[in-house]
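**Q** Sequence:
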Amino acid sequence: MLDKSNSSPFDSLARSNLNSAWGALTIEVLARLGLEKIVISPGSRSTPLTIAAARNAKIEAIPVLDERSAAFFALGLAKRTHKPVALICTSGSAAANYFPAVVEASMSGTPLLLLTADRPPELRDCASGQTIDQTKLYGNYVRLFAELTLPEVEPSILAFLRQTLVHAVARSLDGNPGPVHLNFPFRDPLAPELDVDPVIAVEALETAATVVTRPCESEKTSGSFDTVALERLGSHQHGLIVVGDINPNDSDAAFTEAIKLISDKLGWPVLSDVLNPLRGQNFDSLIINYDSFLRVPAKTKDLKPTAILQIGPLPTSKVLRQWLAVVDPVSFLLSERPMNTDPLHRVAAPLLGKASALAECLPNMKNDPAWLELWDQTERETDQLIRESLESTEDLFEGKASFLLSKHLPEKSAVFLASSMSVRYAEWFWRAGDRAHSIYSNRGANGIDGTLGTALGVAHGGQPTVLLTGDLAFLHDSNALLIQPKLRGSLTVILINNIGGGIFEHLPVAENASTFEEFFATPQAVDLEALCSAHSILYDRIQDWDTFTNQIGSLPEQGVRVLEIRTDRKSDVRTLADIRAALIYDSVKQD
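As numbered in my numbering, residues 477 to 1067 make up the sequence shown, in order.
Just so you know, the hints here were simulated from the structure itself, not pulled from any lab data. Values in this document were obtained by computation on a predicted structure and should not be read as measured data. Ideal Cβ positions, reconstructed from N, Cα and C, are used throughout, including at glycine. Treat the hints with caution; some may be incorrect.
Stated by the list, open to error - Label-pair ranges, simulated between beta-carbon atoms:
no.: 1; residue 1: Asp1003; residue 2: Glu623; range: 25 to 31 Å
no.: 2; residue 1: Asp804; residue 2: Ala635; range: 53 to 59 Å
no.: 3; residue 1: Ala989; residue 2: Phe759; range: 20 to 26 Å
no.: 4; residue 1: Ala635; residue 2: Asp1003; range: 26 to 32 Å
To be verified - Listed next, the in silico DSSO-like pairs over lysine-lysine satisfying Cα-Cα at most 30 Å (straight line):
no.: 5; residue 1: Lys775; residue 2: Lys888
no.: 6; residue 1: Lys888; residue 2: Lys842
no.: 7; residue 1: Lys780; residue 2: Lys842
no.: 8; residue 1: Lys794; residue 2: Lys777
no.: 9; residue 1: Lys534; residue 2: Lys559
no.: 10; residue 1: Lys794; residue 2: Lys883
no.: 11; residue 1: Lys780; residue 2: Lys736
no.: 12; residue 1: Lys736; residue 2: Lys888
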C-alpha cells in the first residue's frame, strides 16, 4: 500500500512518462470535481490511471480483483452517497464484466464513471491480445460515451481532457443520473519510468487549477407544476398515493415529511413499497398491507379510487399492479427523472419534479375523512392478523426474518434486500415503525446479479448494514467476498438457505415434477460455513428465532459475518398460504 499522506498528485512527474502525467491529470481533475472514491481492478493497460489514483491523497482507491464485483461494489457506494464513484479496469473482457452493474445503475438512476483503458487504434482489429471493440460497449445504458485521444502535451488537448471530465461528471448527475463511459487508449510504455525527464508538469498543473472544486451532488430538481394538472389532481376526493422504489436525494425524514404533507393536503392514504424511507418513519395515513387485503374481494369492494398519484416506479406487489389495471383510475406519475414509470400503459399525466416541490405547490384540497378511515380500518385489521400469525409461527419460516428485522434491528441501520423472495417477503411482512432504517435493493433490472457486492458497497464507510438474501443470490456473487479485507464498516448477511431457488416454488412451474428441481430450483450443496472460513468471515447457524433476535439486536462496527437460517422451500409456501387463508377466513367471518 502506497503512503499518500504527504504526496502531491504531481510528485511523480519528475520520473513519469507522458501516459503517467495524463493519468495524473485525469485523477486530479476528478478529485477537484468532488470525486472521492475509485474502485480499481488490476491490469496492465490501465496502469497510468491506477498509479495516479493510488497516489492521489484526495481519492480513496479501493482494489477489487473481480471487475463484476468491483462494479457492483461501486454501485452500492453510489446508491448510499448519491455521488458518482469511478471504476478503472484494463482493456478487453474486463470492461464487459461491468455490464450487469451498468444496466442496474442506468435503470436505477445511480451515477457511475467507467474509466476503461484500451489499446491504441493501430492495435485494434488485428488480433492483438486482450483487445475487444470497446466503442459504445454499453449501448444506450450510459448517459454519455466519450473516446479520449491518445495522450498529448498540447495545451488544447489537455483542456479537451479536462472539459471531457467536467462534462462526464455533470452528465452522471444532472437531470437523469446514471453511468458514463470514458475510454482511454494508451500506448506503451505504461508504467512510470525513472529515467524520463518531466513532461507537461507546468501545463498539467495549470490545466487542473482551472477546475473549480465543487461537490459531486445531483442538481436539485425543484419542479414547476402546471396549475391545471394540480387542479385536476385535487379534484378527486377518493384517491391514492402509491410510492414505489425510491432512493431519494433528500434525507429520508425530509422525503417522508413531503409525502405526509401531500397526503394531508389531498386527504388520500399512502400505499408504500418497502423500498423507500416511508416504513421507517411511521405516520397515520400509511398503508403497508395492501398486497394482503387486495387479495380478498370482500375487502376491496369499497376501496376503489378514482385517481392515483404514483411517485416513482410502481411497488413490487404484482397484486397491486393487477388491481390498478382493473380499477383503472385517473393517473398522475411523479418522477424526479424523465422516464416512463407506467408498465400498465394508463392514460396518465406525467409530473417531473421532486415530492418536496409538489408538496409545496399543492394547495389544501377538499377531502372526505370517511375515505381515509375506510382504508385505515382495513389496514389495522390486516396488520393485526399478520402480526398474530407471524408471532405464533415457531418454525423457521423465511417470511418471519423480515418481520423480526423490522422490529429488532438497531435504529438507522442500513438494509439491503436481495431480489427474488427476500424483497417480496419484506414487502409483505416488514412492519412500519420509527426505527428509520435505510433500505436498498437492486430493483432496476430485478436481477440477483451483484447482490453481495452491492451490499458491501452500501456498508463501506456507512452505518452498520444488513443483507437479507437467499442462498442462490449469495452464491451467484460469492466472488465479492474477496472485498471483505478492504471493507470499512460492517455487513451482517442474513442468509436464508432453502437449498435452491425458493421463488420458483410459488410459480406454476413447481408442479412440473420431471424438470422442476434440476432446472428451476437448482439445488446447491455448498458448505457455507467452510466457504466463510476460507475467507476468514465469521459464521453462525441460527437454530431458533430467539437466537436470531439476540444476534440482530446489535450490529458489529467492523467486518463481515454470516448468519445462516435453513428453511424448507415447500413448507414456506404452505405457511404463507395459511397466513393468507386466515385473512380470507376473517373477512368471511366479519361478513
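**Q** Give a verdict on every hint.
**A** Right, here's what the structure says about each hint:
Taking 25 to 31 Å as the suggested C-beta distance range, the pair Asp1003 and Glu623 does not conform, at roughly 47 Å. Between Asp804 and Ala635 the CB atoms are about 56 Å apart, so this pair conforms to the stated range of 53 to 59 Å. Between Ala989 and Phe759 the beta carbon distance is about 48 Å. The supplied range of 20 to 26 Å is therefore violated. For the pair Ala635 and Asp1003, the supplied restraint of 26 to 32 Å is violated, since their beta-carbon distance comes to about 57 Å.
Between Lys775 and Lys888 the alpha-carbon distance is near 35 Å, which puts this suggested pair outside the 30 Å criterion. Our distance criterion of 30 Å between C-alpha atoms is broken by Lys888 and Lys842, whose separation comes to about 36 Å. Restraint check for Lys780 and Lys842: the C-alpha separation of about 19 Å stays at or below 30 Å, so the hint holds. Distance restraint check for Lys794 and Lys777: the Cα-Cα separation of roughly 19 Å lies within the 30 Å cut-off, and the hinted pair is therefore satisfied.
For the hint linking Lys534 to Lys559, the alpha-carbon distance of about 15 Å falls within 30 Å, and the restraint holds. In summary, the hint linking Lys794 to Lys883 is supported, as the alpha carbons are separated by about 25 Å, within the 30 Å threshold. Proposed proximity of Lys780 and Lys736 is supported: the alpha carbons are some 21 Å apart, at most 30 Å. Among the hinted pairs, Lys736 with Lys888 is consistent with the structure: their alpha-carbon atoms are about 20 Å apart, no more than 30 Å.
Checked against the numbered hints given earlier, the structure breaks hints 1, 3, 4, 5 and 6 and satisfies all the rest.
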